[in-house]
Structures are given as C-alpha cells and as structure tokens.
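Visitor: One-letter residues, chain by chain:
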Amino acid sequence: MNREKYLELSRSLPFQHIADTPTVKYYTDWKAFEERLGLPYSERELELPHYLSHLKAHVKLGKGVSYARAEGVEVSESPKDPFSFIQVSDKMTAYHAARWGAGAHLELRGDFGNLFILSIGGESYMGHHVTLRVAQGSLGNIYILDVLPLGRNMKTFLFEGVVEERAKVGVHLLSVHSHESVAFTAGKLLVHDEAEVESRSLLAGGKMSRVQVDYVVKGKEAKLKALASSVARKDTRADFILNSYNVGAYSDVAVNGRGAALNKGYLSFRGSAIVEESAYQASSEIELQVVMIGEEARGFAVPVLEIHSGDVAKGNHSAGISHIAHDHLFYLRSRGLSREDAERLMVSGILSYSGLAEELGIEPMELLAEA
Amino acid sequence: MLEVKNLTVKIGDKMVLRGVSLNVKYGTIHAIMGPNGSGKSSLAYTIMGREGYEVVEGDILLDGESILGLETHERTLKGIYLGMQDPPALPGVRLSTLILAAANKRLGEAELTKVKDPSIMRNMRTTASELGLSLELLQRETNVGFSGGEKKRSELLQAVLLKPKVVILDEPDSGLDVDGIKKVAEYVRRFREEGKAVMLITHYARLLKHVAPDEVTVLIGGEVVARGGAELAYAIEEKGYAAAKEWRK
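In order, the protein sequences belong to chains A and B.
Per the numbering used here, the very first residue in the first sequence carries number 18; after that it's consecutive.
Per the numbering used here, the very first residue in the second sequence carries number 282; after that it's consecutive.
Quick caveat, the hints were computed from the structure, so don't treat them as lab data.
Do not rely on the hints blindly, as some may be mistaken.
Stated by the list, open to error - Restraint-style ranges between C-beta atoms, simulated for each label pair: (1) A/G337 with B/V337: 35 to 43 Å; (2) A/E323 with B/V337: 29 to 37 Å; (3) B/I292 with A/G337: 24 to 32 Å; (4) B/E411 with A/E64: 47 to 55 Å; (5) A/Q104 with B/V396: 44 to 52 Å; (6) A/H71 with B/E392: 16 to 24 Å; (7) B/E411 with A/R53: 52 to 60 Å; (8) A/E88 with B/V396: 29 to 37 Å; (9) B/V396 with A/A342: 27 to 35 Å; (10) B/R421 with A/V321: 20 to 28 Å; (11) A/V329 with B/K520: 13 to 21 Å; (12) B/R421 with A/E88: 30 to 38 Å; (13) B/Q420 with A/G378: 14 to 22 Å; (14) B/G429 with A/G130: 53 to 61 Å.
Positions of the beta carbon are idealized from the N, C-alpha and C atoms, including for glycine.
All chains should be modelled from the sequences, with the hints used to inform the complete structure.
Guide: If you want it as structure tokens, here you go:
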C-alpha cells in the first residue's frame, strides 16, 4: 500500500476500536494527538538529554539513519516488510505508515552483545520504523532508546520483528518524552520455539505518551519475562500497555509492572495476558501496581487474563492501585526520612523497578526533569 | 532514658491513652503488655509522633529533652526506632534500598541511595543471614509478598542496622514459630547488653520468658493498671489480665 492510501486510511480509521482494550474506556487522550496531526516533518533531530549522552547508539534514527558496525549485526537502511506484524488498523498506525521518515532493518546473529538503537525526535513531527530478526540461537541485548527531548513536538515509532528458535535476548525499551510532547510508540515481537526474551522497560511520559508492546509467544517452550516501570510526571499523561499472547505449548510468560503518577499526572498501566487455545500447559501471569503521589494524581492498573486453553500450568493476574498512604509515609519517616525524602524514595524505587535505569547508568530521578 | 510523663492522647474524639507514665532506661527491657485495644500501639505511635495522635496532656522526653515538638523523622534521627507490628508494603522500594537510605540519612549523606560506606552493605548481608533472611529478600520490594515471619525479621534487621538508642518493638513475636520467637528474644537481649533502651510491646508472656524483662507495665483501656517485674508477666500468662488488676501499680 502506498503512502497516499495510508494517509486516506488515517483519515477514516478511528483512534481505537472499542474491543481493543480490556474495557471500553479511552485511557489515551487521543485529542492530544489529533491536535498535532498536521505538524510538518522535522528538518533535524534534537540533541540527547545530558543524562543519556553517555549512551552510544549503534543505529541512530533521526532525520535520517546512521549506524556503526557491530559484531553480529547487519543493518539495512529501510525496514523489511513493514507492517507484517503490526496491523494498520487504527488512525495513529495509519498516520505513521503514511508519514514515517527514517527506518532500518536489523539482522542479528550469534553473540551480538549489547546493541543500542536510538530513535530521537525532532522539532515538529518525526516518525521511525524498525524491523528486526534475531536469528536462531543468537544471544544479546537490544536496547531501544525512544527519546523526544524537547518542546511541543510529536513522534511516532514502531518496531516489529521476530525472535527465532532458541535465541536468548533482552529487548529493552526506554521511552523518555518531554513534558509538552506527544508520542505514539508501538512494538510487536514474535517469539519462536524455545526462545527466551527478557524485557525491561521504562516510560517517563510526556503530555500524552501512548506506548504499547505486544509479545506473541508463539513457540513451544518459549519464554517471556517482562519488568516495567512507568511514571507520569507532573501534568503529563501516560498510557503504557504490555500485552502477551501465549500461543505455544508450555510457553511461559511473566509481566510485572510498577508505576507512579505524580502531581496532576495521569498514568494508566495496562496489559492483556492472553493464553490461546493452542497453549497447552502454558503459564502466564501479569501483575501491575500503580501508586499515586501528590495532589490530583490519577492512576489505573488494568491487568487482564484471558485463558482460552483447557489445560494451563498457571494463570495469575493482580493489580494494586493506591495513594501514597499515611501508612507508607509514617513508615518511611519512622526510618528517619523526611516527607520529601520518602516521596522521592518511592518514585525512585518505582523508576528503578525494571532495572533498566541501573543497567543504562541513569540516575532515575533525572528522568523526572524536563527531558 | 525515654520518659513518658502523664501522657493523655486522643485520636479525633476518642481518648486512647489516659495519664500514662513510664520510663525506659538504657540497658533495660521494659515490656508493655495489655489486651487488644488497650493502647499499646497508640503509645508507640505517639512516641514516634504519628499524625492523628494528639497529645492532650503530658510530655515525652528523650535524655531529658521533650521530643513533642519534633516530627517523626526528627525523632528517629534522635535515636528512636519503631519496629512495627504490621509494616506496610512499599511497591518499588527494595528493602536494601530502604535500609541504605535510612543509614545514609543518619550519616548526613545527601544522596540517599548511593553506597558511600560499604560496611553498611556488608553488615546488611551478615545480619540478614544471622536472622535467617535470604539475601534475595533484601533485593525484593519492602514487605511486598513477605510472610509474617519475614516482616518481623526485616523490622529486627533494621533495628540492628540503624543503631538506635531506643528500640520500640511492637508485637515482634506475633505469628512466629518457637524458633522465630527464640531468635527475636536473642536480639532483644543483645540490644539490652549493648545498652539500648528497649520497649517491648506484646500480648503474651511467651516472648518475655526468653528475655526476662526488667520492668513490666500493663495497659488496659489506655490506662496503666499494673507495674512490676518479670513476675507480673508470668502471672498474666498464668491467670490472664485479671491478674494485672489485682496487682499493685
């Protein structure tokens, strides 16, 4: 389909279908996107915030694509069969399909070590698209840095691909979007037989950040372990969705997330753990907890478990939503921490939960500053 | 010494303590006993300055100085520690991070979660191991999914590592098996030997059998109804709280 067709689709498709969320509620403020759909394409990318400047990207997507050679990594400057895994069935995906400007395809083989992919936004609108294939038996970590550093800008970023048999990889996503920005990030990965994916993610959202990653655990005895942290800073809104689909027999999925909504921040942390009929003796668990800290913060934790298989090994889902309570504060203060120390420790803990900030050498609280 | 002088406290309109006086001297264990709702935990919370506990009359002194004007964290930094009966779960905050932050705060460090003094981490691991806590538990979120016994041991671990002058332990034995109770008792005795003032709040005398308290005060309905030594605790164990009412103050 050509770009014009996608543009037409973007005009006719809805932002979301009623049935595409666990409830009919609109957790994403689509109006924030609608207001910026007409932005011109950026002429240049922005600078990385200082707390990320120590990270050197092997593949950089900005106005264009640049990459450095890395062992076991083959890069092509355009995605291969984009939208094979992510379907163009909603307005924002269609808009992205019509307008994305820079993309790449990555073939990863053997022990490829730590690979950093940077998608950095620009002034006004920028869109990036990455496809990837992790070959059979490969080992390594893919760190995806999804950054929109400044201003009232918009970015769309989609990644999709496959993790082949017996590969053992980390697929980690850091999304940092500036306070005034809107960002639409989506990923979808197919995980084949006996492959293992470990995912750490961290979202510090902007005026409206919608981040969704779908893991289709397709293979027999395939595994996914996902840890996620998310924070809606003051006056920002974030909708973070981690979906998993057990398809393969004996597949094993665990998704755990922690989130915080700060003053006047809004955070929804969602995930559907779906065990398909074919997933004989599969395991799936999803657990999400959101803490609201400060005045007028709003938080939602919506983990959903759907089991269509008649024979599963395990299925759990749980949610926790709480205001930072007097109990929490008193407990922390009885350890010698002031109210400010206590709140900071809670937020820092939630940001650190996925382990990604530590792995990347980022002081978590820096993420709360303007990106 | 921690001195509680003629303390009357209310929560909203409800009086929870009425004219309570007692001292907890350094190098001693002072047991506070009483049935459910007698005001034991209210006394501990008031000493720590918990919001909502309004002191109507009386005073609380640490080493001769009133602490009533201090906030909770300031009282803690003066050297008072409260091990809670049912500490809340803290999603996202690892137990090791909490202990590190609390220890750094005492050292006056600005960055609470950076390891400035490696001995803190070493002591944490050693003491956790002595208490029967796994090192994996230190990396878990504080009190999230902890068993009752793990919570008690975690509270005790913090009491050891944060080096307070006054240790208040609220029901440190509830829900523990015999071995767990003996372990708690061992640490309580150690606190006394180290010269700390220990206020031990408990329903039952079973823990007290292992620690032999120097003083026992019994609260019922927010009032002191009996005072004595370890023999008072044993009488209560034998005859119930009716024994306390017959005891002279």
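Visitor: Starting from the hint list further up, note which numbers the structure goes against and sort them upward.
Guide: Of the numbered hints, 2, 11 and 14 do not hold.
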